[in-house]
Amino acid sequence: MKIASWNVNSLNVRLPHLQQWLSEFAPDVVGLQETKLEDHRFPDDALLEAGYRSVFHGQKTYNGVALLARQALENVRTGIPNFDDPQARAIAATVNGVRIINLYVVNGQDLGTDKYDYKLRWLEAVHGWIDEELKAHPKLVVLGDFNIAPDDRDVPDAAVWNDDHILTSTAERAAYRRLLALGLHDGLRLLHDEAALFSWWDYRQAAFRRNLGLRIDLTLASDALKSEVIEAGIDTTPRGWERPSDHAPAWLRLRS
DNA sequence: ATGGTAGTCTAACTA
Numbered sequence: 001m002k003i004a005s006w007n008v009n010s011l012n013v014r015l016p017h018l019q020q021w022l023s024e025f026a027p028d029v030v031g032l033q034e035t036k037l038e039d040h041r042f043p044d045d046a047l048l049e050a051g052y053r054s055v056f057h058g059q060k061t062y063n064g065v066a067l068l069a070r071q072a073l074e075n076v077r078t079g080i081p082n083f084d085d086p087q088a089r090a091i092a093a094t095v096n097g098v099r100i101i102n103l104y105v106v107n108g109q110d111l112g113t114d115k116y117d118y119k120l121r122w123l124e125a126v127h128g129w130i131d132e133e134l135k136a137h138p139k140l141v142v143l144g145d146f147n148i149a150p151d152d153r154d155v156p157d158a159a160v161w162n163d164d165h166i167l168t169s170t171a172e173r174a175a176y177r178r179l180l181a182l183g184l185h186d187g188l189r190l191l192h193d194e195a196a197l198f199s200w201w202d203y204r205q206a207a208f209r210r211n212l213g214l215r216i217d218l219t220l221a222s223d224a225l226k227s228e229v230i231e232a233g234i235d236t237t238p239r240g241w242e243r244p245s246d247h248a249p250a251w252l253r254l255r256s
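The first sequence lines up with residues 1 to 256 when you count with the numbering used here.
Just so you know, the hints here were simulated from the structure itself, not pulled from any lab data.
Quantities reported herein were computed from a predicted structural model and do not represent experimental measurements.
Among the hints, erroneous ones may be present.
Claimed, not checked - In silico SDA-like links for lysine to any residue, alpha-carbon gap of 25 Å or less:
#1 Lys226 <-> Leu73
#2 Lys2 <-> Leu182
#3 Lys60 <-> Gln87
#4 Lys139 <-> Thr78
#5 Lys60 <-> Arg121
#6 Lys226 <-> Leu190
#7 Lys60 <-> Glu38
Unchecked claim - What follows is a list of derived Cβ distance ranges for each label pair:
#8 Arg121 <-> Gln19: 32 to 40 Å
#9 Ser10 <-> Asp45: 13 to 21 Å
#10 Asn211 <-> Gln71: 32 to 40 Å
#11 Asn96 <-> Asp44: 13 to 21 Å
#12 Asp193 <-> Phe25: 17 to 25 Å
#13 Arg209 <-> Glu74: 41 to 49 Å
#14 Gly97 <-> Glu194: 28 to 36 Å
#15 Glu49 <-> Arg177: 36 to 44 Å
#16 Arg177 <-> Asp44: 34 to 42 Å
#17 Thr237 <-> Asn96: 23 to 31 Å
C-beta atoms are modelled at their ideal positions from N, C-alpha and C, and glycine is treated no differently.
Modelling step: build the complete structure from the supplied sequences, incorporating the hints.
The structure is reproduced here in structure tokens:
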């Protein structure tokens with residue numbers, strides 16, 4: 001079972017990219033972020049023709065998440081329980097007995113801003129949610145655009161991306177480690193320990209060509225699935241296409 | 001520190 005996460009930065013613009021990538025990569029489940037589409041505009045018919053059912057939670061202009069799967073998507077939930085959030089950033093469903101939580105974590109802009117405080121509160125609410133989901137569904141995958149680079153291997157320059165920088169700050173990384181401590185494992189790091197395996201590159205300054213990126217798109221597997229993760233990676237191919245998203249898909253494969 | 005690019009929607013916000 002191939003499970004992937006891709007921030008498409010506007011599904012309206014990137015639908016052809018998604019269709020191409022689905023046919024080439026053939027994932028079983030995909031979590032999308034930044035669809036930027038209201039639900040009535042979601043291209044579920046076009047995706048059905050590509051062989052994927054979809055559930056989605058969107059809004060105009062910003063944010064928006066979706067889950068696509070070849071098999072049925074059951075027990076769908078949108079938004080974080082008991083957390084009043086005007087921004088569409090979370091969706092969950094069960095596919096083939098595996099619970100999937102898809103997150104578009106708040107960017108946070110800069111330390112000391114209201115958006116940064118919102119990011120930390122949002123992550124705290126997600127922590128409580130995952131805690132509950134793990135009790136109900138031991139076979140859990142949490143994936144998405146985390147807007148946190150877990151450690152120094154995941155940045156091009158640790159002196160720049162330091163404890164006081166957005167996406168790598170002490171509080172953000174601590175919040176991420178608290179999620180892992182619930183019983184989750186970074187799928188890519190179960191199998192690969194090398195540095196500079198990035199999933200996002202700024203559109204500016206030829207960052208992709210120079211591999212000046214960050215690894216902020218993650219696929220996490222629960223304790224119960226840890227030994228089932230037999231492959232993981234980042235598919236940089238679509239980042240090299242014309243008019244690409246600034247993110248590449250991160251993925252893992254479960255044995256069954 | 002700023003600005004560089006992209007998407008949404010034509011002003012300014014978000015990333």
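Comparing the hints with the structure gives:
Only pairs whose Cα atoms come within 25 Å are accepted, and Lys226 paired with Leu73 is accepted, the gap being roughly 22 Å. Between Lys2 and Leu182, the direct Cα distance comes to roughly 23 Å. Compliance with the 25 Å bound is thereby established for this hinted pair. Our distance criterion of 25 Å between C-alpha atoms is met by Lys60 and Gln87, whose separation comes to about 10 Å. Our distance criterion of 25 Å between C-alpha atoms is met by Lys139 and Thr78, whose separation comes to about 19 Å.
Straight-line distance between C-alpha atoms of Lys60 and Arg121 comes to about 23 Å, which keeps the hinted pair within the 25 Å bound. Of the supplied pair hints, the one linking Lys226 and Leu190 holds, its CA atoms being roughly 8 Å apart against a limit of 25 Å. The straight-line distance between the Cα atoms of Lys60 and Glu38 is roughly 5 Å, inside the 25 Å bound, and the hint therefore holds. Separated by about 36 Å at the C-beta atoms, Arg121 and Gln19 satisfy the suggested range of 32 to 40 Å.
Between Ser10 and Asp45, the C-beta spacing of about 19 Å keeps the proposed range 13 to 21 Å intact. One distance hint, 32 to 40 Å for the beta-carbon pair Asn211 and Gln71, holds here, with the actual separation near 35 Å. A hinted range of 13 to 21 Å for the beta carbons of Asn96 and Asp44 is consistent with their spacing of about 20 Å. Taken as a hint, the range 17 to 25 Å holds for the pair Asp193 and Phe25, whose Cβ atoms sit roughly 24 Å apart.
Against the hinted window of 41 to 49 Å, the Cβ-Cβ separation of Arg209 and Glu74 comes to about 42 Å, which satisfies the hint. Distance hint for Gly97 and Glu194: a CB-CB separation of about 32 Å, consistent with the stated range 28 to 36 Å. The hinted range of 36 to 44 Å is satisfied by Glu49 and Arg177, whose Cβ atoms lie roughly 42 Å apart. Judged by the Cβ atoms, the range 34 to 42 Å given for Arg177 and Asp44 holds: they are separated by roughly 36 Å.
Between Thr237 and Asn96 the C-beta distance comes to about 26 Å, which sits within the given range of 23 to 31 Å.
In this structure, every one of the numbered hints holds.
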